[in-house]
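Visitor: Here is what each chain is made of, one letter per residue.
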Amino acid sequence: MSERNLRDVATGLCFPEGPIALADGSFLVVGIEAGRVSRISADGVVSTLADTGGGPNGAALGPDGRVYICNNGGMAFHHSDGLILPGHGEEDAATGWIDAIDLETGVVETLYRECDGRPLIAPNDLVFDAAGGFYFTDHGKSRKYDRDRGGVYYAQADGSDINRVWAPMEGPNGIGLSPDGDTLYVAETPTGRLWAFDIVSPGKIDRSPGPAPWQPGRLLANPTGYHMFDSLAVDAAGDVWIGTIPNGLTRVSPDGDVTYYPMPDLLPTNICFDAGGQAYVTLSSQGRLAAFDLS
Amino acid sequence: MIKRLTLALVALLLGALLQTAAFAQTPQIRDVTGNWIDDEPRVLKARMLPILAATGVRIIRVDATFARHHWPGRDQAHRVTAVFDQASREWRANPVAGAARRGDSLFVQWEVFYRRLAINQPQQTEVAVSPLSEKTIGCAQADTDLDLLLLRTMAQSLLVRNPEVVLPLRGYTVPTHLMVSLRNMGFTMAKTEVATSANTVRFGPPDLAMYAPRPMARVNETRREYVRRLRDGVPDGPYRLAGWAYAQTQRDVRRRPSLRCVPSKHWFVHEAGFHLNNGGFLPTPPGREGVRGETRVVVMADTANAIALGITPSRSVWHPRIWDLHMWIDRGPECRDLSCPTVIQIASPSFIDGLPTPGNTFFRSQTFE
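Chains B and C, in that order, are what the protein sequence lines are. Just remember that this note's numbering sits 18 ahead of the position in the first sequence, which is counted from 1. Just remember that this note's numbering sits 83 ahead of the position in the second sequence, which is counted from 1.
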């Protein structure tokens, strides 16, 4: 896929992720570097919805009309050759949290900072289910010589309850649900694996042994070659689209068939679809949100 | 002499003009009530164009008439007498609206009772009326627009992943009108919890998904065949999403459900009645209502009643009166895209084929608060 297949929706964004296509053609997007959640009008004008601080990393519209944000607590960036590039975390980096933002007022409510007494390290991405709760990944922090182990959590939108669904995972990042709501997909960044977990009830996965006695789920895709997986989105056909580092998108069918699409950016991090099926991608190192042609 | 005559003529002309003005000027009042956003005092406010003393008009009284949800006309609406506030030059009335909630539609119309002070004529009280004013309590238009956008986005993210779907649809499993398409409604799939009597409307994804029947099976399919297959009882998608809805069993005939800044005037009543398994609907309205919608029909029709109506309970589904709000995708000729603005009204703006329903199946309630 080249620039010919892309149409910019907005530029000049500060490491955008978490795009949400609203029904009027406008968008919500987080800017991790700026610590900000922005709204992009249908004609590309960017305005600030809320300054959350930290590093807003993923976003999803909740059943109460608020936008829910995974905040990774903040991370270092550096600029090189016009690109925005994330750096390694510090030993004493702040931990993250989950926010809900009122779209009318921009008022931010922090819902969760910990689970079972353990802090959320770096919440990354989230998806709501039909029951009104949401799954999210805690990616953990990556430092130069080591990194945290992450996990998947399930929480109520009103801030009343949070539970760990599965841990440990190696840098879990993108998360999504199949169209029938029965399968939870989780992409790991450093391993470049896509996992599929059968859901038995809201917030519970089938923990039967998978590829190893200690590992539930199905390893749906584990492409060869150097790559890392970022956030993901599921299209109407049930295919999983994953931002792939460097320079690509990966489409994985529910049966595990893998197709790779090159992208003209080092860090294509996140995808979303609007009601008409039009796809959008955050080209984060260039600060762009762009529509792309799936064909 | 000529000068005196000229002055007399001028005086006569002025007198005539003043008298004409006295009869020509009618008090003009207009509503300037805000939307009672946040801490704004919940008072009704109006301004009147200045009345020239020389015109001989005397204000007797100023009343505000008002109602929430539905405008029943000035005679039926609530009424309160206003007082003049010298500082703001406004007429103000306290509508005792403490119970009003955000999103309630508020209708206001002002009345000015006045007399003309004419010599040698009986002094009759006349009434000047303001245009009807309508607002949504606690909400600016931008708030309403945003809430509608959010509801649309949530519905679309759930329902519009494929514009044409084959049943069953995730989360929407109860065919409330059986597998029958109603004309300009389509057929309706509800969430399980909505099918119970304890449901409560919540802002968020819709309670019901409404589908137009499948496309024509073949080019030469006759209209008769097409309609017949709508009532064959067998789901035979793909079906095309036409709209979505919110519904709540009527627990209060005046108090309507709330969806934040969606104006409450949009809620209407789905009459109590039997959905028959042949696709028909048999309304069971109360015997007599002076004000339409004033009776709460919540007693499940008993077997004897059903038999008296000529149907067997096993062949029908009965429900009480329900508050409904429909949001339709506008698929007019200018708009074939699913992201077109959503319209709120009882029936779809697009033609949807199916069985006709009795005229009183859905109606706008005349109750108000």
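Everything labelled a hint here was simulated from the structure, so no lab data went into it. In this text the structure is predicted, and so the values were computed from the model without any measurement. Using N, Cα and C, we set each Cβ at its ideal position, and we do this for glycine too. It is possible that part of the hints are untrue.
Stated by the list, open to error - A few chain C residues that don't get close to chain B, going by computed Cβ distances all over 12 Å:
id, residue
1, I134
2, D228
3, S240
4, G254
5, G287
6, R307
7, R343
8, T425
9, N443
10, F446
What the hints assert, rightly or not - Using 25 Å as the maximum straight-line C-alpha spacing, the simulated SDA-like pairs for lysine to any residue come out as follows:
id, chain 1, residue 1, chain 2, residue 2
11, B, K222, C, L232
12, C, K274, C, K218
13, C, K274, B, A254
14, C, K274, B, V63
15, C, K348, B, D82
16, C, K274, B, S20
17, C, K348, C, I120
18, C, K348, B, E122
19, C, K274, B, D176
20, B, K222, C, T256
21, C, K274, B, I217
22, B, K222, C, A183
23, C, K218, B, D176
24, C, K218, B, I217
25, C, K274, B, R225
26, C, K274, B, T70
27, C, K218, C, A183
To be verified - Some chain B residues flagged as far from chain C (calculated, every beta-carbon gap over 12 Å):
id, residue
28, D82
29, T123
30, A148
31, W232
32, D292
Visitor: Now, for every hint given, state plainly whether the structure supports it.
Guide: Hint check results:
1. Here I134 (chain C) stays apart from chain B, with its beta-carbon at least about 42 Å from theirs, past the 12 Å limit.
2. Annotated as non-interface, D228 (chain C) brings its C-beta within 12 Å of a C-beta of chain B; the closest such distance is 8 Å.
3. Consistency note on S240 (chain C): stated as away from chain B, yet its beta-carbon is not over 12 Å from all of that chain's, at 7 Å minimum.
4. With a least beta-carbon separation of about 4 Å from chain B, G254 (chain C) fails to lie farther than 12 Å from that chain, contradicting its non-interface assignment.
5. Listed as a non-interface residue, G287 (chain C) fails to keep its Cβ farther than 12 Å from every Cβ of chain B; the least gap is roughly 4 Å.
6. The Cβ of R307 (chain C) lies farther than 12 Å from every Cβ of chain B, with a closest approach of about 34 Å, so its non-interface assignment holds.
7. Once the 12 Å rule is applied to beta carbons, R343 (chain C) is inconsistent with being away from chain B; the minimum gap is 7 Å.
8. A beta-carbon of chain B is positioned within 12 Å of the beta-carbon of T425 (chain C); the least distance is around 8 Å.
9. Chain B leaves N443 (chain C) outside its interface by the beta-carbon criterion, the shortest separation being 33 Å against a cut-off of 12 Å.
10. Every Cβ of chain B is farther than 12 Å from the Cβ of F446 (chain C); the closest lies at roughly 29 Å, confirming the non-interface assignment.
11. For the proposed pair K222 (chain B) and L232 (chain C), the alpha carbon gap of about 32 Å is over 25 Å, so the pair is violated.
12. For the given pair, K274 (chain C) sits about 32 Å from K218 (chain C) by alpha-carbon distance, which is inconsistent with the 25 Å threshold.
13. The hinted pair formed by K274 (chain C) and A254 (chain B) meets the criterion: a straight-line CA distance of about 21 Å does not exceed 25 Å.
14. The straight-line distance between the Cα atoms of K274 (chain C) and V63 (chain B) is roughly 38 Å, outside the 25 Å bound, and the hint therefore fails.
15. Only pairs whose Cα atoms come within 25 Å are accepted, and K348 (chain C) paired with D82 (chain B) is accepted, the gap being roughly 22 Å.
16. Distance restraint check for K274 (chain C) and S20 (chain B): the Cα-Cα separation of roughly 43 Å exceeds the 25 Å cut-off, and the hinted pair is therefore not satisfied.
17. At most 25 Å may separate the alpha-carbon atoms for a hinted pair to count; K348 (chain C) and I120 (chain C) meet this at roughly 18 Å.
18. About 22 Å separates the Cα atoms of K348 (chain C) and E122 (chain B), which keeps this hinted pair within 25 Å; it holds.
19. Taking the CA atoms of K274 (chain C) and D176 (chain B), the gap is near 21 Å; set against the 25 Å cutoff, the hint holds.
20. About 22 Å separates the Cα atoms of K222 (chain B) and T256 (chain C), which keeps this hinted pair within 25 Å; it holds.
21. Annotation: proposed proximity of K274 (chain C) to I217 (chain B) holds, straight-line Cα distance about 20 Å (limit 25 Å).
22. Restraint check for K222 (chain B) and A183 (chain C): the C-alpha separation of about 42 Å exceeds 25 Å, so the hint is violated.
23. For the hint linking K218 (chain C) to D176 (chain B), the alpha-carbon distance of about 30 Å lies beyond 25 Å, and the restraint is violated.
24. For the given pair, K218 (chain C) sits about 46 Å from I217 (chain B) by alpha-carbon distance, which is inconsistent with the 25 Å threshold.
25. With a C-alpha separation of about 29 Å, the suggested pair K274 (chain C) and R225 (chain B) falls outside the 25 Å cut-off, and the hint is violated.
26. Our distance criterion of 25 Å between C-alpha atoms is broken by K274 (chain C) and T70 (chain B), whose separation comes to about 35 Å.
27. About 12 Å separates the Cα atoms of K218 (chain C) and A183 (chain C), which keeps this hinted pair within 25 Å; it holds.
28. Consistency note on D82 (chain B): stated as away from chain C, yet its beta-carbon is not over 12 Å from all of that chain's, at 6 Å minimum.
29. Look at T123 (chain B): its CB is around 10 Å from the nearest CB on chain C, not clear of 12 Å, so calling it non-interface is violated.
30. With a minimum CB-CB distance of about 4 Å to chain C, A148 (chain B) fails to clear the 12 Å threshold, and the non-interface call is violated.
31. Chain C leaves W232 (chain B) outside its interface by the beta-carbon criterion, the shortest separation being 32 Å against a cut-off of 12 Å.
32. The beta carbon of D292 (chain B) sits about 7 Å from the closest Cβ of chain C, which is not more than 12 Å, so the claim that it is off the interface is violated.
Hint compliance for this structure: hints 2, 3, 4, 5, 7, 8, 11, 12, 14, 16, 22, 23, 24, 25, 26, 28, 29, 30, 32 are not met, and every other hint is.
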